[in-house]
Amino acid sequence: MQMFNSLSRFRWCHRGRFSGRPLATPFSAGSIKLGQLHFLHSWRQTLSSKASRWSWLAVMTMSAGLTPAVHAAEGEALSSRESAVRRLEIVAPFDIKGADPLLSGILFQRMQMVETLVDVDATGQLRPGLATEWSVSDDSLIWKFTLRSKVKFHDGSLLTAQAAVQALEIARAKPGLLKSVPVTDIVAQGDTLLIHLSEPFAALPAYLADYRQQILAPSAYDDSGTALAVIGTGPYRMMSMSPPLSLEVAAFADYWGEQPDIRRARYQAVSRAEGRALMAESGDADFTYSLDPASRQRLRDSPRVSLASAPTPRTLLLKVNANHAAFSSPDVRRALSLAIDRTAIAQVVLRYPEGASQLFPPMIEGWHNAALPALHQDVIKARESLEAAGWQVGEDGIRHKGDQRLAVSLITFSDRPELPLVATVLERQFHAIGIATRLDITNFSAIPSGHHDGSLELALFARNLALVPDPIGTLLSDYAGTAEAPGGDWGAMGWHDVDFTADLARMAREGHGASDDGRDPRGEASRVLQDALPVIPIAWYYQNLAISNRLESAQVDPWERSFGLSDLRWAP
Amino acid sequence: MNIPSRLLQLLMVVLMVGGASYLMMQSLPGDASWRIAAGRYGYDALDAAAAASVRAEMGMESSGGLSFLYWLGDILRLELGTSLISGEPVWNEIRHQLGNSLSLAGAALGLSLLIGPPLGLLAGLRAGGILDRCLLAVCSLLRAIPQFLLALVLILLLAVEMGVLPAAGHGEAQHFILPALTLALGLAAVSARLARDAMAAVTQTAFHDFARWKGLTTAQTFWRHGLRHVALPLVTYLGLQFVTLVEGVVVIESIFGWPGIGHALVHAIFSRDVPMVQGTALVLGVGFVVINLLVDLLGRQLDPRGVQ
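So the protein sequences, as listed, match chains A and B.
If you're matching positions, the first sequence starts at 1 in the working numbering and goes up one per residue.
If you're matching positions, the second sequence starts at 573 in the working numbering and goes up one per residue.
Do not rely on the hints blindly, as some may be mistaken.
One side of the interface only, derived from the structure: several residues of chain A facing chain B at Cβ under 10 Å [as the list claims (entries may be wrong)]: (1) Arg172; (2) Arg212; (3) Gly257; (4) Glu258; (5) Gly275; (6) Phe413.
The following residues of chain A were derived to be distant from chain B, with all beta-carbon distances above 12 Å [unchecked claim]: (7) Ala122; (8) Thr123; (9) Ser309; (10) Glu354; (11) Thr437; (12) Gly513; (13) Tyr542.
No lab work stands behind these hints, which were simulated from the structure alone.
None of the values given here were measured: they were computed from a predicted structure.
We put the beta carbon where it would ideally sit given N, CA and C, even for glycine.
Work the whole structure out from these sequences, hints included.
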């Protein structure tokens with residue numbers, strides 16, 4: 001019932017506060033028709049107030065031979081035998097596309113079937129994975145990774161340095177971040193792996209923690225290097241996979257680490273957020289990933305689940321084409337930023353406590369620079385900046401400069417259901433300072449392709465700033481570029497700062513130790529981005545989960561690398 | 573039954589469905605290599621290099637009308653190609669997903685036949701009675717409610733509030749019930765009305781009156797003289813219901829997380845998986861022809877008049 005209340009409240013907010021236009025309701029998600037919900041709400045209220053009225057339905061269904069098996073064990077103590085056969089149900093929005101790491105490797109990593117040489121702890125620090133230690137030669141050109149001994153793949157074969165070399169070479173030949181690392185050669189030497197570089201690259205270990213660098217057994221690949229099966233080294237092994245929607249895993253008895261309490265688990269992809277929430281509420285899902293704001297409100301009162309939330313290294317941001325006649329001026333980009341009411345967007349649309357005050361959320365230590373003045377809303381100042389830049393309000397309320405009208409298109413996509421909603425809000429807020437915005441809700445590939453053909457003007461999306469655990473990886477691909485091809489597909493466009501790019505390259509090469517004047521170069525990089533605003537940060541993301549009360553010791557991995565299956569336990 | 577003309581019809585359907593889906597996919601805006609890379613790698617990993625590797629892999633520049641001819645050649649050898657996203661043979665994917673959809677559609681159709689026609693017949697026997705009027709109201713309501721909403725109502729009622737059925741998912745027998753029931757209620761609403769009208773019409777006929785006059789009971793009259801007449805429009809309508817079902821499973825599969833052909837088709841269109849779209853459309857088109865053929869054959873069995 002709460003979901004309906006909150007949704008109807010939301011409709012009020014949306015119409016009353018931001019816009020008189022109807023909601024954009026894409027097909028893929030979040031497209032409950034609000035009018036229908038109102039009907040459903042009152043109808044359901046009538047029914048539930050007189051529960052006896054539909055007890056006939058219960059009798060009918062029971063007599064049809066349906067046993068409520070799903071909830072039979074709820075609340076009862078579990079014997080160890082029961083816990084051995086009991087299956088954990090995980091529900092998340094990600095479709096399974098295939099066995100190759102490039103297609104669904106991130107899901108296999110989250111299900112702990114595969115591992116990488118280097119792992120990441122909850123604070124974002126690197127820790128040993130399949131490699132127990134690593135070091136770099138004095139000239140910083142040869143990295144040496146010592147492999148963990150007696151590690152078995154799920155097919156029973158032993159992990160050797162040769163197998164790891166093969167997996168990395170295959171990953172390097174495919175599209176991915178490793179391509180941008182100056183690796184010349186990877187060789188196996190006893191139980192160690194030597195990675196030769198053409199120039200120093202201090203961030204290499206972080207790149208090896210990326211899911212695409214997962215180590216699979218040689219038998220997993222075909223001749224072309226495509227993985228046909230998921231034969232990893234993780235605490236869980238694949239039992240069955242039925243793309244696109246489900247797979248099942250069981251604990252791997254020969255795992256090198258501690259044996260997990262949860263012995264069997266099934267993953268189901270459910271693309272609709274309300275579908276996932278209903279499964280959590282009805283007890284069909286023990287671990288539900290990625291809840292939408294409305295469902296979270298609704299599940300708050302559920303006796304079956306508890307909610308968990310953690311900040312993630314993902315930021316909702318507006319990509320701005322700095323080649324555009326208006327946006328080439330940092331003052332105009334700042335005016336755009338001043339027009340945005342981040343608190344309202346965060347609290348009303350996303351149901352987060354606050355908006356973003358800068359690009360990096362506080363969880364990304366070092367890169368988040370607490371000394372920076374926070375991004376904020378100041379509509380009057382925004383208007384003044386536009387006036388000063390020569391953009392005068394015309395008769396239609398939209399600004400002009402000579403013949404040019406300040407009308408732009410804003411591309412976004414509906415795979416993340418909140419994006420079209422935020423875009424609608426931005427359209428109104430930009431209108432308030434005299435900028436006409438045309439929304440284009442399309443496939444997300446329109447953003448990088450629009451970056452390359454130069455047609456993109458504004459784009460709204462959520463960017464993972466820790467594609468590799470060290471944000472330097474994302475910064476290099478999104479904000480560095482060259483003077484001829486500045487920025488990156490999901491970052492700056494038409495904006496280039498020679499010193500900034502050089503600083504990023506130096507950090508990648510030498511690491512981010514403090515410079516001679518004692519300043520943290522990461523915080524300084526954030527300052528440059530905050531001053532120039534090649535992209536305009538709007539909100540920091542949170543990962544929201546519902547965890548069944550049948551489970552205990554659940555932890556949210558803020559780096560989104562794992563569902564944390566092996567740490568979960570059945571409640572006694 | 574004219575077998576050659578039916579085969580010709582089948583061939584025309586193959587050509588038209590294949591050609592139309594090919595042309596539609598080609599005329600969609602946007603660069604296909606970007607869309608395919610997007611479908612494969614997701615937004616975090618999509619960049620120009622990924623799109624370029626897709627372009628290189630497919631030799632996209634040289635496509636044009638030629639690829640349609642290749643596709644036709646493959647069809648003649650009963651091959652549907654491989655999916656551009658997963659790399660699996662299209663036939664394997666369709667077989668897996670069509671099987672899931674057909675079992676769901678079959679369950680829905682069976683359930684709708686158990687619910688709709690019997691109620692319709694009872695109402696038709698007493699046209700204008702209380703049952704008839706109630707049924708009209710219920711059928712109109714069920715037909716008017718979008719399946720999306722009906723599915724949510726059923727999930728809330730049977731899964732969330734009463735906890736007797738799983739809310740969504742796939743793999744066990746009980747997962748069939750809610751999606752099949754959602755589809756069946758919509759279908760039953762129409763088949764009940766059809767059965768009711770047919771039954772009411774039969775009770776008005778001279779042969780029905782004569783059967784009663786000669787002393788048969790209501791039940792005897794129905795079994796010997798009524799059922800066959802009522803069955804004819806119902807069987808014909810079954811063929812049409814196949815279309816409703818195909819349309820319905822797209823929505824129902826996405827709500828209940830059912831790995832069927834509707835879900836696959838939507839995703840294939842989003843990510844420009846042309847072989848997958850063509851293959852799916854083709855299988856559905858051929859299925860439609862085959863089902864109509866079966867309906868016609870059954871119709872002839874029920875009403876042999878006019879057969880030489």
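Consistency of the hints with the structure:
Annotation: Arg172 (chain A) was flagged as interfacial toward chain B, and the flag is violated, the nearest CB pair being 13 Å apart, outside 10 Å. The interface hint given for Arg212 (chain A) is met, as the beta carbon of that residue sits about 8 Å from the closest beta carbon of chain B, less than 10 Å. Taking 10 Å as the C-beta cut-off, the interface hint given for Gly257 (chain A) is violated, the closest approach to chain B being about 27 Å. Interface hint at Glu258 (chain A): violated, since its Cβ lies 29 Å from the closest Cβ of chain B, which is beyond the 10 Å cut-off.
Hint status for Gly275 (chain A) relative to chain B: holds, with the closest Cβ pair at about 5 Å, below 10 Å. Restraint check, Phe413 (chain A) versus chain B: the minimum CB separation of about 8 Å is within 10 Å; hint holds. Look at Ala122 (chain A): its CB is around 20 Å from the nearest CB on chain B, clear of 12 Å, so calling it non-interface holds up. Interface exclusion of Thr123 (chain A) from chain B stands, the closest Cβ pair being 21 Å apart, more than 12 Å.
Non-interface status of Ser309 (chain A) relative to chain B is upheld: no Cβ of that chain comes within 12 Å, the nearest being about 21 Å off. Residue-level check passed: Glu354 (chain A) sits 24 Å from the nearest beta carbon of chain B, beyond 12 Å. No beta-carbon of chain B is positioned within 12 Å of the beta-carbon of Thr437 (chain A); the least distance is around 20 Å. Consistency note on Gly513 (chain A): stated as away from chain B, and its beta-carbon is indeed over 12 Å from all of that chain's, at 29 Å minimum.
The claim that Tyr542 (chain A) lies off the interface holds: its Cβ sits roughly 17 Å from the closest Cβ of chain B, which is beyond the 12 Å cut-off.
Of the hints listed earlier, those the structure fails to meet are numbers 1, 3 and 4, in rising order.
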